[in-house]
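Asks: Chain residues, written in single-letter form:
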Amino acid sequence: MDMQLPPLALAVIKAIIIFAVILQIVPALVYFERRISAWIQDRIGPNRVGPAGLLQPLADVIKLAFKEDLTPQGADKWIYRLGPFLVYAPAVLAFAVIPVGIDLQVASLGVGVIFLLTVSGFSVYGLAFGGWASNNKYSLLGGLRASAQMISYEVALGLSIIAILMTAQTVDLNEIIRQQWAAGTLGLMQWNLFQQPIAAVIFVVAAFAETNRLPFDLAECEAELVGGFHTEYSGLKFATFFMGEYVAMITMSGLMITLFLGGWSVPWIEIPTKPTVWDISISVAIFSLKLVALLFIFIWTRWTLPRFRYDQLMNIGWKVFIPISLLNLGLTAVAGVLGWKWLIPLP
Amino acid sequence: MANQEDAKEQELERTTSTTEPRQNAKFAVPVAKGLINTLKHIFRNEPNTIHYPEERRTPYPGYRGEHRLKRDELGREKCTACFLCATACPAFCIEIIAEEAPWDDREKRPRLFNIDMMRCIYCGMCEEACPCDAIELTPVYNIPSLTRAEKIYNKEKLLSL
Chain A
1 MDMQLPPLAL AVIKAIIIFA VILQIVPALV YFERRISAWI QDRIGPNRVG PAGLLQPLAD
61 VIKLAFKEDL TPQGADKWIY RLGPFLVYAP AVLAFAVIPV GIDLQVASLG VGVIFLLTVS
121 GFSVYGLAFG GWASNNKYSL LGGLRASAQM ISYEVALGLS IIAILMTAQT VDLNEIIRQQ
181 WAAGTLGLMQ WNLFQQPIAA VIFVVAAFAE TNRLPFDLAE CEAELVGGFH TEYSGLKFAT
241 FFMGEYVAMI TMSGLMITLF LGGWSVPWIE IPTKPTVWDI SISVAIFSLK LVALLFIFIW
301 TRWTLPRFRY DQLMNIGWKV FIPISLLNLG LTAVAGVLGW KWLIPLP
Chain B
1 MANQEDAKEQ ELERTTSTTE PRQNAKFAVP VAKGLINTLK HIFRNEPNTI HYPEERRTPY
61 PGYRGEHRLK RDELGREKCT ACFLCATACP AFCIEIIAEE APWDDREKRP RLFNIDMMRC
121 IYCGMCEEAC PCDAIELTPV YNIPSLTRAE KIYNKEKLLS L
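The listed protein sequences correspond, in order, to chains A and B. To convert, note that position 326 of the first sequence is 326 in the working numbering; the numbers rise steadily by one, no gaps. To convert, note that position 36 of the second sequence is 36 in the working numbering; the numbers rise steadily by one, no gaps.
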């Protein structure tokens, strides 16, 4: 691009556009979640507001905005107010480093993945604060579960990512994407999904747990805990929690695409060294398509699987996923040292 | 003997405990089957529900909805104010006050015949108890109203249905 914009202005414009688009995905995602869940359950789903119910999310937002914003008696007021934002802000912030197009991201940080993991780890504070400050035993249980679950699965998530970083030998997400590209249909095999299948599976499961989605939504758990950590929240605070969950879903999908599915590239289109605006729009479209597919998998899984029991959740986390990801890590390391290219791809 | 009991207990432990990670590994196949099943439902697109206000289900014969009082061929109410329906009613929602009938073929007729539809449980006992076949339950099921007073049906209303 030969636009003569100062870098700061360009960064601000990019930030506004990307964040605005992310926020617009959330209502659409809510709509599709409700529609797909209806199809899975042989229902029709929201179809009253606007054509085919498309304006339903708008109606929901208006309803939530006009609801009374209650603070329960005995609640710790400031922490109670802080809760939703501590869930929402990290999810949005973490998205800043995810490249949505060729070298197109809000913040091009050298530490890429590490920034993302650090920031998204903060959202557990939001859940724990919300649960604790509500002065409600169900909320407290939800908050406790959320913190235990997220801390446990963050380990598996991190370990599976480390395996990728070891083979990539960089934390720059754009560089990781470039390494996953190879020409031709067989170039698909260059994706980390096929190169590091164990890490990919662990990453998906841990991503579900990190975003508190079914089958790991023990933090909300309508059946046992009423609504978990957000039982006492109403109006826009509840909406913020809700948005946080969905943005976290988008961020995790984005990370999954970047690390395992070749990011904004497909093997059939060569990555240009000097991308034009046209090249960048194509790469954004590719990223969006992959994002839609992954979000569909999130929704699809949610409406298929029942919730895990709490002890099962902890057992799977600590006794299955962490050992397996450690094993995978060790295998990758050994293969790297001994140069076993047939086992692990090496740059 | 003690050994046998121990073995039994261990067997029970083994079969009822689902917390063993080794058993969790068996999840994979059912999970995949479930995912395929739900995917089929997405593409099948045969909802079991209907668009309610536009589409209505026709109730099955014998459906017990709103009550009505019948008239005979001369246009008089069939009811003879015998109180059998009010006696049979388990919800005590029928209130009758009788008066002398102006006709020769019966002694009484209802001056007041109120059914409190908010109390009615639509069991159909009144219909069964009635010796003159004067009261019956129609298949009309959507009977909302804006006030409670509207839900107390009087004789005129019941006869007009």
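Check the hints yourself; a few may be wrong.
One-sided and incomplete, this derived list gives chain B residues near chain A with beta-carbon spacing under 8 Å [claimed, not checked]:
id, residue
1, Q4
2, I42
3, N114
Pulled a few chain B residues facing chain A out of the computed Cβ check, cut under 7 Å [said to hold, decoys possible]:
id, residue
4, G34
5, I36
6, N142
Calculated directly from the structure, the hints in this document are not laboratory data. Even for Gly, the Cβ is constructed at its ideal location relative to N, Cα and C.
Asks: Need the list of violated hint numbers for this structure, in ascending order.
Replies: 1, 3, 5, 6
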